[in-house]
Amino acid sequence: MIETIYVEDAIQNHPKTKFILNKFKKSRIISINKYGEIFNKRNQNFRIQKANPCLILAHKKDNFVLPAPEGFGIGSSKNFYFSHMYNCIYDCRYCFLQGMYSSANYVIFVNFEDFDISIEKIIKNNLNTKVTFFSGYDCDSLALENVTGFAKHILSIFRKYPQIEIEFRTKSIQKEPFLSLKPMRNVILAYSLMPELMSNSLDNKAPSISKRIRVISQLASKGWKIGLRFDPLIHGENWKELYQELLENIYNNISIDNLHSVSFGSLRFPKRMFRDIFKLYPHEPLFSSPLSLNNKMISYDIEIEEEMTSFCKNLSLKYINEGQIFKCSI
Amino acid sequence: MNNLKKMKNSIRWVVALKEEAQVILDYYKLKPINEKTIYPIYKNEEETHWLIICGIGRNNAAASTAYLYSYSKASIYTSWINIGIAGSDKGNYGDLYLVDKISTYERKKSTYPSTMPKSTLPKMHLFTSDIPISDYTSYELIDMEGSAFFDIASKLTSKEFICLMKVISDGPKNDIKEITKSKISNLIKVNLYKIIDVVSYYERISEAEFLIIDKPELFYDIKSKWHFSATQSYRLETLLRRIETFCNKKDIEKTIKNCETSNSVINVLNTKIKNNLVNWSKF
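Sequence order for the protein chains is A and B. 314 is the number that my numbering gives to position 314 of the first sequence; each next residue is one higher, with no gaps. 235 is the number that my numbering gives to position 235 of the second sequence; each next residue is one higher, with no gaps.
Honestly, the hints are just simulated from the structure, not real lab data. You may find that some hints are simply not true.
Which chain B residues face chain A? A few, computed with CB under 7 Å, are given here [to be verified]:
| hint | residue |
| --- | --- |
| 1 | Lys101 |
| 2 | Lys123 |
| 3 | Ser154 |
| 4 | Arg241 |
| 5 | Thr245 |
| 6 | Phe246 |
| 7 | Lys274 |
| 8 | Asn276 |
| 9 | Leu277 |
| 10 | Val278 |
Simulated pairs of lysine-lysine, DSS-like, Cα-Cα distance not exceeding 27 Å [stated by the list, open to error]:
| hint | chain 1 | residue 1 | chain 2 | residue 2 |
| --- | --- | --- | --- | --- |
| 11 | A | Lys26 | B | Lys101 |
| 12 | B | Lys108 | A | Lys41 |
| 13 | A | Lys23 | A | Lys175 |
| 14 | A | Lys18 | B | Lys101 |
| 15 | B | Lys108 | B | Lys90 |
| 16 | B | Lys254 | B | Lys274 |
C-beta: ideal position from N, C-alpha, C; glycine also.
Start from the sequences and build out the full structure, keeping to the hints where you can.
What follows is the structure in structure tokens.
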């Protein structure tokens, strides 16, 4: 339940604003001039806000689509990302969004039409290049789909360009609009996963791993391309058994023909971000892991990272081709 | 060991008039402090609640909030409460409202206080004026201190720790000239239990924040046995917080008991973490 919704004056009459407000009839609506008056101001307590976030409806002015960081990709030569939302409804303890903004409130940019223009411009400039777009770098791309309808909206662009890939990365079990639509070969529904035992402790407010696997299985059976994202890989007691059980469970329960790609990523925090997140949650078990400063990043030692990645990769190779496996290294 | 008296929750009240404060003073058993101060200040025996009578107007509200902060040594985890009467033609006479937006004549930009979650109390937009206003039509709530209190308090703590509550005392049907001291006291009194309920939320978040930022139990013990530089102290604090998740006090003491220097304490604790395999079934 969202108790308070702040709405920028300029978009009060935007159809998407009305569409979203219509879903929160009991919320208190407060008009604001610019979303910066509420979001990311100093002197906000992220942890307290996270327990009861407000929603902010805003107009995005620029930077609709940005080049993806180095090391973030699944085989294309050019990668871009866009975010119609800042922040996430889930509260995962390893997520960089905890240290990204000083505010835990959700910002939704309602001017989807401006995202369309920017995306199409990039597509037209790269018609002969293999390009992948990633939706929801600063948020979970599907978690609030029933409120925003963003994925449904943006799919209509990508339907026109079947050679251009788009990945929706999520932990949600939101099946629509995909179950109702004809599968598109250039759309990848990518799910973040880790062993249930770890997820129970770390993926706060997110659907359980077993529920996620059930949805993956359903969408794969329907013909949608699936991405599996084991990012970050989490270390701990019995990690090998836990990851083996998870990987085998997934590979045995989804249609491998519709598996687009699998990627493995390490747990990494920039030093300053780690300091901020640790300050927020000093008693978090994740931070009692053997993490140390390596190359300006707080991470597991390289030996641990490599052992985990190669173990999971070797196990996956029993089911899929090497060309389907990627390493996420940001 | 830390000499400072440890208080788990911390509340500071800023109230314009003694008549508005009286019910609060009685309920929380706040007594005047035994010193001459610029503004009258009250506190309870545990020194968890402090209250200042600021007088009318924005200058008084700003000055007294800063004064109370300094005088009472308020912390980053202190919650700040402003309660008082307000004019309105939108709400009902005698009802209590939480404030979630504040405007003034002087500033184009409004400010947006947070309000306690899941409250059934209604919320309104407050307009803080420097002069009494008799035309109530343009605003939801009108007072003379709120904006200044919020501006200063939000420099002292996070906005989630600041609360403004207003009881409607005047409006088109209740002439401001008919407000008396006893009417003011009564308006607060009839809302006392709602006020206590709100304040108990702010006590809880203040205590929770205190527990998070409080130094680990062994921190001062260890520091008294070895000499730590400022950088080492910070590392020690961080390591202890991380170790406390999987190791009890006795084990930590046993681990470091043979250390000769502060450096070796840090190295030993570091190694302990390096070798830790998190047992995820415990969490």
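Now the hints, each set against the structure:
The closest approach between the C-beta of Lys101(B) and any C-beta of chain A is roughly 6 Å, which is under the 7 Å cut-off, so the hint is satisfied. Against a cut-off of 7 Å between C-beta atoms, the interface hint on Lys123(B) holds, since the closest Cβ of chain A lies about 6 Å away. Because the beta carbon of Ser154(B) sits about 6 Å from the nearest beta carbon in chain A, less than 7 Å, this interface hint is met. At its closest, the beta carbon of Arg241(B) sits 4 Å from a beta carbon of chain A; the interface hint therefore holds under the 7 Å criterion.
With a least beta-carbon distance of about 4 Å to chain A, the hint placing Thr245(B) at the interface is held under the 7 Å criterion. Proximity of Phe246(B) to chain A holds as hinted, the smallest CB-CB distance being about 5 Å (cut-off 7 Å). Hint status for Lys274(B): holds, given a least beta-carbon distance of 5 Å to chain A, under 7 Å. At a threshold of 7 Å, the smallest CB-CB gap from Asn276(B) to chain A is about 6 Å, leaving the interface hint in force.
A least Cβ separation of about 5 Å between Leu277(B) and chain A falls short of the 7 Å threshold, and the interface hint therefore holds. The closest approach between the C-beta of Val278(B) and any C-beta of chain A is roughly 4 Å, which is under the 7 Å cut-off, so the hint is satisfied. For the proposed pair Lys26(A) and Lys101(B), the alpha carbon gap of about 18 Å is at most 27 Å, so the pair holds. For a cut-off of 27 Å, the pair hint linking Lys108(B) to Lys41(A) stands: about 17 Å separates their Cα positions.
For the hint pairing Lys23(A) with Lys175(A), the CA-to-CA distance comes to about 19 Å; that is within 27 Å, so the pair holds. At roughly 22 Å between alpha-carbon atoms, Lys18(A) and Lys101(B) fall within 27 Å of each other, so this suggested pair holds. Of the pairs offered as hints, the one joining Lys108(B) and Lys90(B) holds, with about 23 Å between alpha carbons and a cut-off of 27 Å not exceeded. Our distance criterion of 27 Å between C-alpha atoms is met by Lys254(B) and Lys274(B), whose separation comes to about 17 Å.
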